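K.L.:
Starting from the known structure of chain A, arrange chain B on it as the hints suggest.
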Amino acid sequence: MSKRQLAMVMDLNKCIGCQTCTVACKTQWTNRNGREYMYWNNVETKPGPGYPAKWENMGGGFDTSGNLKEGTIPGLSGDYGIPWDYNHDEIMRGAELAPRSTPQVGPNWNEDEGAGEFPNSYFFYLPRICNHCSNPGCLAACPREAIFKRSQDGIVLVDQSRCEGLRFCIAGCPYKKIYFNPKLFKSEKCIMCFPRIEKGLPPACAEQCVGRIRFVGYLDDEEGQVYKLVYKYKVALPLHPEYGTEPNVFYVPPLAGPKKFDKTGKPIEGSDRIPLEYLRSLFGTGVDSALETLKSEMAKKKSGQPSELVDLLIAFKHSEMFRIKAQDKKGTEKNV
Amino acid sequence: MFDRLLLRFFSIFMVGQALLICDSVFGAYKAPEPFLKNEVVQVKVITSAVPRTVSDKKWSKAQKQIFKLHTQQTVRLNDRDANEYLKNQKPLELHVRALASAQQLALLLEWKDENPNLATGNETRLFGDSVAVQFPYVFGEGHRLPYVGMGDDKYPVVAYLGRATQKGTLLRTTAAVGFGSSTRQKKSQAKMNMSYDKKDKMWRAIWYRSLKEGGHSLKQSLIPVAFAVWDGDRYERGGNKSLSSWKFLKLENLKASEKYLENMAFGYAPGDLGDKSKGKTLALQSCAACHHFEGVTSALSDFAPDLSQIGKIATFSYLRDSILSPSEVVVRNLNQNRHYSKVESSEVGKRGYPNNPSYLWYSKDQGGKLISKMPPFGYLSKEDLSNLLAFMKEVE
Chain A
6 MSKRQLAMVM DLNKCIGCQT CTVACKTQWT NRNGREYMYW NNVETKPGPG
56 YPAKWENMGG GFDTSGNLKE GTIPGLSGDY GIPWDYNHDE IMRGAELAPR
106 STPQVGPNWN EDEGAGEFPN SYFFYLPRIC NHCSNPGCLA ACPREAIFKR
156 SQDGIVLVDQ SRCEGLRFCI AGCPYKKIYF NPKLFKSEKC IMCFPRIEKG
206 LPPACAEQCV GRIRFVGYLD DEEGQVYKLV YKYKVALPLH PEYGTEPNVF
256 YVPPLAGPKK FDKTGKPIEG SDRIPLEYLR SLFGTGVDSA LETLKSEMAK
306 KKSGQPSELV DLLIAFKHSE MFRIKAQDKK GTEKNV
Chain B
10 MFDRLLLRFF SIFMVGQALL ICDSVFGAYK APEPFLKNEV VQVKVITSAV
60 PRTVSDKKWS KAQKQIFKLH TQQTVRLNDR DANEYLKNQK PLELHVRALA
110 SAQQLALLLE WKDENPNLAT GNETRLFGDS VAVQFPYVFG EGHRLPYVGM
160 GDDKYPVVAY LGRATQKGTL LRTTAAVGFG SSTRQKKSQA KMNMSYDKKD
210 KMWRAIWYRS LKEGGHSLKQ SLIPVAFAVW DGDRYERGGN KSLSSWKFLK
260 LENLKASEKY LENMAFGYAP GDLGDKSKGK TLALQSCAAC HHFEGVTSAL
310 SDFAPDLSQI GKIATFSYLR DSILSPSEVV VRNLNQNRHY SKVESSEVGK
360 RGYPNNPSYL WYSKDQGGKL ISKMPPFGYL SKEDLSNLLA FMKEVE
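So the sequence lines, in the order shown, correspond to chains A and B.
Here the first sequence stands for residues 6 to 341, where the numbers follow my numbering.
Here the second sequence stands for residues 10 to 405, where the numbers follow my numbering.
With the rest of the complex left out, here is chain A (with noise of 0.2 Å):
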């Protein structure tokens, strides 16, 4: 357990599927050295089979009683898709664009597929980096326990001197959030861009959203919006908490959206186009209420009352939805 613990909010509601937290953290770290398939940050369609796919079907994290639980490993060619690229020389000289190897799967495959059947199907983006859990699965299942969360601010990270590439630590991630580099043979993941936070800068992917989607902030800082939206309104929730990994990515769940259409085009009173029953899958029974105080406090501010959580989410001025403060050696948060 660490001292501290920075979190990441991510308000679905407000995500627009831009992919630039993607592109973001791929120009950073991703791009290259046998990393070049991985995704630190991905934003995948639910419902829908992610990255890599189906990995919600992987097993991992821990049991009920606390015991982690026996998974397994994504394969690159079946799972994660072989990253291909394209003949853009040949363009130049007359060809069609086309890829140079027939792509199989791939991250963002089932992009905005979702479910349901026109014209009540629906979908929501969710982006995911590593959760940067309380009790990482990760972190229990190396044997060479080379995976140790920082004191300060609780950043799961892989220590490359100690990691010898078996990765059991990819089976024991329920999140499958930490990868197998084949060039290097060594497991690597986010890292919550931790050069950036010691200097006081948010993660690459938060800085760049778009949707102002993305807080960050000490779980302990009671002044906080992290703190306020997962403890003060209970409207941020961990994914799937039944993996038993204590997540500190929470997300604020979306709101069920528009409603049904009957047969002639006409709104069906009180439906939810998502199913209440399938975001609580995701987001564990927290959901329902999340939803009611949402609602309720967007009631208020249409009304002309003053809300605290609208106004928190809304997010007035990017640069306030980070309280971070630059880091001295010792790992402190310095005083500016």
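These are calculated hints, taken from the structure and not from any lab test.
Nothing here was measured: the structure is a model prediction, and the numbers come from that model.
One should not assume that every hint holds.
Said to hold, decoys possible - Chain A is faced by these chain B residues, among others (derived, beta-carbon under 10 Å): (1) Val84; (2) Thr178; (3) Leu179; (4) Thr192.
Stated by the list, open to error - Straight-line C-alpha distance at most 30 Å; calculated BS3-like pairs for lysine-lysine: (5) B/Lys195 / B/Lys176; (6) A/Lys239 / B/Lys351; (7) B/Lys121 / A/Lys191; (8) A/Lys191 / A/Lys204; (9) A/Lys74 / B/Lys96; (10) B/Lys228 / B/Lys46; (11) B/Lys351 / A/Lys74; (12) A/Lys74 / B/Lys321; (13) B/Lys46 / B/Lys66; (14) A/Lys188 / B/Lys195; (15) B/Lys228 / B/Lys176.
Just so you know, even glycine gets a beta-carbon here, dropped at the ideal spot from N, CA and C.
P.N.:
For chain B alone, kept in the frame of chain A given last:
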């Protein structure tokens, strides 16, 4: 007639081993036949350099010994695909030959593998076939054997792990004091070369090093050695492997300490072992509360080392010591974070549950000494112990 080199080789040890040799000369102990026949590789000492290739004709001079390697089941790792292969596995037969010169020791290891796997640079689920040779860091009279699964806190091991990769054999020399503790020793000059023969579907690995390397000397008559093989087809790596119990390399022309030989050969003499069905009854009464074995799984999984097939990888002397004085042979837990306790509620802002102490296999006393959670069974009668050992050696 002694070769000059050999004489020199021998004389180095005359001083250090004089006492031991005297012991052997005048003592009456003779190691039991089954021990010598099944557990020992005779090491031919040759006057020329040890072979460095598999095809070297010198290997024909060496005795071939076949050891059975069994899957590691004492601790269960968390890869579902790899664990599938723990069920109903036949033992793997490893053919071992050894030659020594005055300076070096060489081993030729051969085993069958229908499908060779090389670690590649472009897959996440492929594991290269691997082989390892392990020695105790210290051994000889007055020393017990380390825990065979990468040593223990008192007795470290030196292990040489070779992995087949697309770029050839990758050899890592490591020192370890228990699960997960292995640390690379970069200065080692040891060499290994693995090659796969498609015709007879055999892996062949040749390994050699100086008898003395750093502070680690193998220049003794009876050298404990253990072997492990990893099969990529079974997703094996790390703790998912097949391993042998401690075996012995016997350097010819060097006399073994009788006491050491006697201690190592414990369990092989007629009368050392008792009645295994009585032993089973005793095991069900005394061991099953904490340990799993032979389909008996009433204890919490991972509460204590799994004893399934323990006799296949543990020596009789280790089993005896573990029963009589478990705190003398404490084995580290595999990563303690695999079990957390939900008893303490997670605090706002801090979060995270502490590890579950009931899964710890030992505690520490005030002086930092590890005390096994298992009570010592020193009160067992000699007969009960021999019955238990007879059962443990064959437990499934």
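K.L.:
Would you mind confirming whether the straight-line C-alpha gap from lysine 74 of chain A to lysine 96 of chain B stays at or under 30 Å?
P.N.:
holds, 18 Å
K.L.:
Has the given pair, lysine 121 of chain B with lysine 191 of chain A, been kept, meaning a C-alpha gap of at most 30 Å?
P.N.:
holds, 29 Å
K.L.:
Does the structure keep lysine 46 of chain B and lysine 66 of chain B at a Cα separation of 30 Å or less?
P.N.:
holds, 25 Å
K.L.:
Just to be careful, I want the Cα atoms of lysine 351 of chain B and lysine 74 of chain A compared with a cutoff of 30 Å; is the pair within it?
P.N.:
holds, 16 Å
K.L.:
Hint check: lysine 188 of chain A vs lysine 195 of chain B, CA-CA at most 30 Å. Holds or violated?
P.N.:
holds, 21 Å
K.L.:
Mind checking the alpha carbons of lysine 228 of chain B and lysine 176 of chain B for me, to see if they're no more than 30 Å apart?
P.N.:
Violated, because 33 Å separates the two Cα atoms, which is more than 30 Å.
K.L.:
Given the proposed pairing of lysine 191 of chain A with lysine 204 of chain A, does the C-alpha separation stay at or below 30 Å?
P.N.:
holds, 27 Å
K.L.:
Quick check on the hint: threonine 192 of chain B CB to chain A CB, less than 10 Å?
P.N.:
holds, 9 Å
K.L.:
If you take the shortest Cβ to Cβ gap from threonine 178 of chain B to chain A, is it below 10 Å?
P.N.:
violated, 15 Å
K.L.:
Can you confirm whether the C-alpha distance between lysine 239 of chain A and lysine 351 of chain B stays at or below 30 Å?
P.N.:
holds, 21 Å
K.L.:
Would the hint on leucine 179 of chain B stand, with a C-beta cut-off of 10 Å toward chain A?
P.N.:
Given a least distance of 9 Å, the restraint on leucine 179 of chain B holds.
K.L.:
Was the hint right that valine 84 of chain B lines chain A, CB cutoff 10 Å?
P.N.:
Interface hint status for valine 84 of chain B: holds (8 Å vs cutoff 10 Å).
Figure legend: structure checked against the earlier numbered hints; hints not met, in rising order: 2 and 15.
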